[in-house]
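So that you can map any letter, position 64 of the sequence shown is 75 in the numbering used here, and since no number is skipped, the others follow by simple counting.
Treat each hint with caution, since some may be false.
[What the hints assert, rightly or not] Straight-line Cα separation of at most 27 Å, DSS-like style, residue types lysine-lysine; simulated pairs:
id : residue 1 : residue 2
1  : Lys55     : Lys70
2  : Lys71     : Lys55
3  : Lys71     : Lys208
4  : Lys23     : Lys70
5  : Lys241    : Lys193
6  : Lys258    : Lys246
7  : Lys70     : Lys193
8  : Lys55     : Lys67
9  : Lys260    : Lys247
10 : Lys193    : Lys208
11 : Lys258    : Lys241
12 : Lys159    : Lys247
[Said to hold, decoys possible] Here are the simulated distance ranges between beta carbons:
id : residue 1 : residue 2 : range
13 : Val221    : Lys21     : 40 to 50 Å
14 : Gly272    : Lys247    : 13 to 23 Å
15 : Asp68     : Trp37     : 27 to 37 Å
16 : Val283    : Glu213    : 34 to 44 Å
17 : Gln233    : Val96     : 39 to 49 Å
18 : Ala56     : Glu213    : 54 to 64 Å
19 : Glu32     : Val77     : 14 to 24 Å
20 : Lys208    : Arg188    : 12 to 22 Å
21 : Ser298    : Asp65     : 39 to 49 Å
Note that these hints are calculated values from the structure, not bench results. By construction, the Cβ of each residue, glycine as well, lies at the ideal position given by its N, Cα and C atoms.
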Amino acid sequence: MSKEPLAKLKRKRKVYGMWKEGQATWEEYMNVVRACREAMRKAKAHLELYPVRDVKDNKKGFFRYVSGKRKTEKNVGPLLNEVDVLVIEDTEQAELLNVFFASVFIAKASPQASQALEAREKAGRKEDLPLVEEDWVRDHLSKLNTHKSMGPNGMHPRVLRELADVIAELPSIIFERSWRIKVPEDWRKANVTPIFKEGKKEDPGNYRLVSLLSVPGEGMEQLLLDIISKQVEEKKVIRSSQHGFAKGKSCLTNLIAYYDGMTGWVDAGRDVDVVYLNFSKAFDTVSHNILLGKLRKYGLDELTVKWTENCLNGRTQSVDISSAECGWRPVASDVP
Numbered sequence: 012m013s014k015e016p017l018a019k020l021k022r023k024r025k026v027y028g029m030w031k032e033g034q035a036t037w038e039e040y041m042n043v044v045r046a047c048r049e050a051m052r053k054a055k056a057h058l059e060l061y062p063v064r065d066v067k068d069n070k071k072g073f074f075r076y077v078s079g080k081r082k083t084e085k086n087v088g089p090l091l092n093e094v095d096v097l098v099i100e101d102t103e104q105a106e107l108l109n110v111f112f113a114s115v116f117i118a119k120a121s122p123q124a125s126q127a128l129e130a131r132e133k134a135g136r137k138e139d140l141p142l143v144e145e146d147w148v149r150d151h152l153s154k155l156n157t158h159k160s161m162g163p164n165g166m167h168p169r170v171l172r173e174l175a176d177v178i179a180e181l182p183s184i185i186f187e188r189s190w191r192i193k194v195p196e197d198w199r200k201a202n203v204t205p206i207f208k209e210g211k212k213e214d215p216g217n218y219r220l221v222s223l224l225s226v227p228g229e230g231m232e233q234l235l236l237d238i239i240s241k242q243v244e245e246k247k248v249i250r251s252s253q254h255g256f257a258k259g260k261s262c263l264t265n266l267i268a269y270y271d272g273m274t275g276w277v278d279a280g281r282d283v284d285v286v287y288l289n290f291s292k293a294f295d296t297v298s299h300n301i302l303l304g305k306l307r308k309y310g311l312d313e314l315t316v317k318w319t320e321n322c323l324n325g326r327t328q329s330v331d332i333s334s335a336e337c338g339w340r341p342v343a344s345d346v347p
């Protein structure tokens with residue numbers, strides 16, 4: 012609180028004491044109470060203005076304030092296991108969520124498919140790849156969100172952002188070698204927090220996971236995303252009807268296009284039937300093999316595809332439940 016509400020609060024206590032001793036009337040005390048209450052309202056409104064005004068740059072502060080106003084905390088569990096017994100211990104809950112999250116993913120490629128991928132990798136030419144430009148790395152580091160949490164490697168985004176001009180050359184070399192050779196082991200690790208969505212909190216299927224990766228690893232992924240997006244856009248792979256995860260489009264543009272088409276057909280006197288489909292865990296069950304096959308089909312270079320494959324298939328996770336980190340065991344169909 013600022014000096015004004017603090018002074019009015021102090022004045023309120025003083026007048027209350029004077030009223031008890033008969034030195035002030037009840038009306039005088041109530042006038043001071045009203046003035047103090049109005050000052051407190053203004054102070055609260057001023058306080059709430061900051062997280063709303065800075066929500067674009069500091070989402071964490073905004074949601075921290077909102078979470079602090081909730082009456083109940085939505086923590087994980089207790090969870091029901093396969094025999095309908097409530098699991099309370101953090102470690103057991105992490106193991107239960109691990110089994111569920113891993114169960115919804117598609118298994119890795121068969122040996123025959125893996126051999127075919129190795130043959131294609133040998134056919135790829137490393138000299139065709141463009142170099143990782145130092146200017147791109149510097150620009151990326153200078154735009155890091157300093158309010159984001161550290162990844163598993165303990166490297167804070169603020170450090171990288173403030174030293175962007177000094178250390179840009181080193182990450183560019185690391186990105187280049189990673190692109191040509193392999194994905195570093197540190198980039199394969201992630202801290203995972205299960206988020207409750209809806210339904211019964213005891214059902215592990217009603218939780219979705221959020222992964223926190225290392226900052227340099229996310230930078231390399233952003234680099235390849237820009238390259239893949241550029242090639243896909245040049246080859247016109249994505250149709251104009253695609254609105255999800257498309258630059259300049261959103262759910263709003265999708266609804267506008269939908270209503271425009273529907274109303275046009277209705278105005279023309281045509282019969283219109285609408286079918287709604289809800290794909291359960293659609294993003295979780297995307298086949299890595301099909302995804303990688305499509306990238307190759309549309310002409311992406313083999314090393315970029317191979318880096319993406321290694322990144323998808325090699326991650327180990329750490330589940331964070333009730334502020335306790337529990338081990339996530341690597342499985343054959345681990346979470347990407």
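Hints and how they fare:
For a cut-off of 27 Å, the pair hint linking Lys55 to Lys70 stands: about 19 Å separates their Cα positions. Taken as a hint, the Lys71 and Lys55 pair is honoured in the structure, with Cα atoms around 19 Å apart against an allowance of 27 Å. For a cut-off of 27 Å, the pair hint linking Lys71 to Lys208 stands: about 19 Å separates their Cα positions. For the hint linking Lys23 to Lys70, the alpha-carbon distance of about 37 Å lies beyond 27 Å, and the restraint is violated.
A distance of roughly 23 Å separates the Cα atoms of Lys241 and Lys193; the hinted pair therefore holds under the 27 Å criterion. For the hint linking Lys258 to Lys246, the alpha-carbon distance of about 16 Å falls within 27 Å, and the restraint holds. Restraint check: the Cα-Cα separation between Lys70 and Lys193 comes to about 34 Å, which exceeds 27 Å; the hinted pair is violated. Note on Lys55 and Lys67: the hinted pairing holds, with a Cα-Cα distance of about 21 Å set against a maximum of 27 Å.
Among the hinted pairs, Lys260 with Lys247 is consistent with the structure: their alpha-carbon atoms are about 16 Å apart, no more than 27 Å. Among the hinted pairs, Lys193 with Lys208 is inconsistent with the structure: their alpha-carbon atoms are about 36 Å apart, more than 27 Å. This hinted pair checks out: Lys258 and Lys241 have alpha carbons roughly 11 Å apart, not beyond 27 Å. The suggested pairing of Lys159 with Lys247 is violated, with an alpha-carbon distance near 34 Å, which exceeds 27 Å.
Taking the beta carbon of each, Val221 and Lys21 are about 45 Å apart, inside 40 to 50 Å as hinted. Restraint check, Gly272 to Lys247: a C-beta distance of roughly 21 Å satisfies the suggested window 13 to 23 Å. The beta-carbon spacing between Asp68 and Trp37, approximately 49 Å, falls outside the hinted interval of 27 to 37 Å. Against the hinted window of 34 to 44 Å, the Cβ-Cβ separation of Val283 and Glu213 comes to about 41 Å, which satisfies the hint.
Separated by about 43 Å at the C-beta atoms, Gln233 and Val96 satisfy the suggested range of 39 to 49 Å. For Ala56 and Glu213, the Cβ-Cβ distance of about 40 Å falls outside the hinted range of 54 to 64 Å, so the restraint is violated. The given range of 14 to 24 Å is broken by Glu32 and Val77, whose C-beta atoms sit roughly 44 Å from each other. Between Lys208 and Arg188 the C-beta distance comes to about 40 Å, which lies outside the given range of 12 to 22 Å.
A hinted range of 39 to 49 Å holds for the C-beta pair Ser298 and Asp65, which are about 41 Å apart.
Against the hints set out earlier in the document, violations occur for numbers 4, 7, 10, 12, 15, 18, 19 and 20.
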